[in-house]
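Colleague: Model the placement of chain B on the given structure of chain A, informed by the hints.
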Amino acid sequence: MIALYIILGILGILALLLIFGYNSLVRLVNQAKEAWADIDVQLKRRYDLIPNLVETVKGYATHESATLEQVTQARVQAMQAGTVADKAHSEDMLTGALKSLFAVSEAYPDLKANQNFLELQRELADTENKIQAARRFYNTTVRDLNTSIESFPSNFIAGMFKFGQREFFELEEGEVAARQPVSVKF
Amino acid sequence: MSLYRQQSSNIAKTWLLFGFFLSFLIALGWAVSYIYNDPGIMYLAIVLALAMNVLSYWFSDKLVLGMAGAKPANRKEYFDLYTTVENLSITAGLPMPKVYVIEDPAPNAFATGRNEKHAVVAVTTGLLKMLEKTELEGVIAHELAHIGNKDMLVSTIAVVMAGFASLLADFFLRASFFGGRDDDSRGNAIFAVVGFVLIMLAPVAAMMIQLAISRRREFLADATGALLTRYPEGLASALRKIGSYNAPVARASNATAHLYISNPFGAKALQGMHKLFMTHPPIEERIKALSSIKV
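Note that the protein sequences, when read in sequence, are chains A and B. Counting from 60, one number per residue, gives the positions in the first sequence under my numbering. Counting from 2, one number per residue, gives the positions in the second sequence under my numbering.
Treat the hints as calculated values from the structure; they're not laboratory data. Don't take each hint at face value.
Non-contacting residues of chain B with respect to chain A, defined by C-beta distances greater than 10 angstroms in every case (computed) [said to hold, decoys possible]:
1) 82
2) 91
3) 126
4) 131
5) 204
6) 290
BS3-like cross-link-like pairs, simulated, lysine-lysine; straight-line CA separation at most 27 angstroms [stated by the list, open to error]:
7) A/103 / B/134
8) A/146 / A/92
9) A/171 / B/77
10) B/118 / B/134
11) B/289 / A/171
12) A/103 / A/146
13) A/103 / B/99
14) A/158 / A/117
15) B/151 / B/72
16) B/130 / B/63
17) B/134 / B/77
18) B/118 / B/99
19) B/118 / A/92
20) A/103 / A/92
21) B/77 / B/118
22) A/103 / B/118
23) A/158 / B/134
24) A/171 / A/158
25) B/63 / B/99
26) B/72 / B/242
27) B/77 / A/103
28) B/151 / B/99
29) B/151 / A/92
30) B/77 / A/158
31) A/221 / A/92
32) B/289 / B/242
33) B/99 / B/242
34) B/130 / B/99
35) B/72 / B/134
36) B/242 / B/118
Ideal placement from N, C-alpha and C gives every residue a C-beta, glycine not left out.
Okay, chain A solo, but in the shape it has when bound (with noise of 0.2 angstroms):
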């Protein structure tokens, strides 16, 4: 009879065991869509901002037409971009076009002098940012994930239904420039 109780009690604790870690995976893996999706959220207001800016810089930089359909193309191919890693090398050719676009805008001083392109070029610095920083949350969240998918004992359980490790947001450049705290110069 005592025998039959310790059964009970090892399976009872077993199956708890087995709850929790479920439980704790989907909860991990949701946590990692949310933050995915909020990587989104960013890369899309920088997406709704781009149009503007080339607007802006068309009507004064009249020569560098080569440029602004870089960033233009760099752009639609961004949004078209579909897995992990796609998404994070194109996003780093768009990063480059702008870059190269507010260079080049340095030589027009009435661009430069704009209300409207300086509003522009804070937000889209600004959203740059943002993008970092949903990025780095998406890396903790998927850290965490991949973390319990290979411990031990919820290793197990992610085997057993098929929980699979999701893949970190990384920069080309590598983390170091992304550790540096980014400064904008105007």
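Modeller: Below, chain B without anything else, positioned relative to chain A:
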């Protein structure tokens, strides 16, 4: 020491302190009910202490702001401050707290609110003038860390416990003056003396533990904040600047002191005072801890 390890060792130390505190209170409660044979007083003390502190915790976002004379910061006027808070809350995965600015030349900042959804971050105008962007980021990250670590709840629990200890002691001292013990056997007399000494020392000991928890949470918030910005040097340099400023915050009171990023009474206020009675660790120690963090 890596950042994650420093953080978990901080958390462990905080809970150790709480454990001490709790067992201390249980011993105290036992002493009181043993010597003075009426548990009714104790219940009253518990209810009073709880009600007072839970209420002030629940309304902390409104209460403290009224005390410190703060006004809300809008995005246009305080663009850098507002966006810094916004961006770091995204990094931390916290909802955006309300941002307030306090008109005061002394550089300081604090966070309050009963939970993440009712959180408030307030900074003084002096702080905004004095700090660079990376330093401001360090300070805001520290405040958000307080919110994320639920330090308002932790300090409220600590204050409730400390208040409870002193109330108990108070009741006991009164009761013992008016008599009320029935038996005078020798064994009980020894217990009574031990209990009496314990109760005399209780309020001071309780306060010391409460402050120790407060200091531990400051270290923890520093470490968590550094994890958010990945740039401990920012907060370290901000602390150096804040530490070199001597005048106290105009409207700080003892009730709000533990909330600020550094002691609001000014660095000078600490001199001659014992380390055990500080709400914040000395700035040099915090900078040292920050510079030992490898990110």
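Colleague: A separate judgement is required for each hint: does it hold in the structure or not?
Modeller: Hints, one by one, checked against the model:
no., hint, result
1, 82, "holds, 12 angstroms"
2, 91, "violated, 4 angstroms"
3, 126, "holds, 21 angstroms"
4, 131, "holds, 17 angstroms"
5, 204, "holds, 41 angstroms"
6, 290, "holds, 19 angstroms"
7, A/103 / B/134, "holds, 26 angstroms"
8, A/146 / A/92, "holds, 15 angstroms"
9, A/171 / B/77, "holds, 20 angstroms"
10, B/118 / B/134, "holds, 26 angstroms"
11, B/289 / A/171, "violated, 44 angstroms"
12, A/103 / A/146, "holds, 13 angstroms"
13, A/103 / B/99, "holds, 24 angstroms"
14, A/158 / A/117, "holds, 16 angstroms"
15, B/151 / B/72, "holds, 24 angstroms"
16, B/130 / B/63, "holds, 26 angstroms"
17, B/134 / B/77, "holds, 17 angstroms"
18, B/118 / B/99, "holds, 9 angstroms"
19, B/118 / A/92, "holds, 21 angstroms"
20, A/103 / A/92, "holds, 17 angstroms"
21, B/77 / B/118, "holds, 23 angstroms"
22, A/103 / B/118, "holds, 25 angstroms"
23, A/158 / B/134, "holds, 21 angstroms"
24, A/171 / A/158, "holds, 15 angstroms"
25, B/63 / B/99, "holds, 11 angstroms"
26, B/72 / B/242, "holds, 24 angstroms"
27, B/77 / A/103, "holds, 22 angstroms"
28, B/151 / B/99, "holds, 16 angstroms"
29, B/151 / A/92, "holds, 25 angstroms"
30, B/77 / A/158, "holds, 25 angstroms"
31, A/221 / A/92, "holds, 16 angstroms"
32, B/289 / B/242, "holds, 15 angstroms"
33, B/99 / B/242, "holds, 25 angstroms"
34, B/130 / B/99, "holds, 20 angstroms"
35, B/72 / B/134, "holds, 21 angstroms"
36, B/242 / B/118, "violated, 31 angstroms"
Hint check: violations occur at hints 2, 11 and 36; the rest are consistent with the structure.
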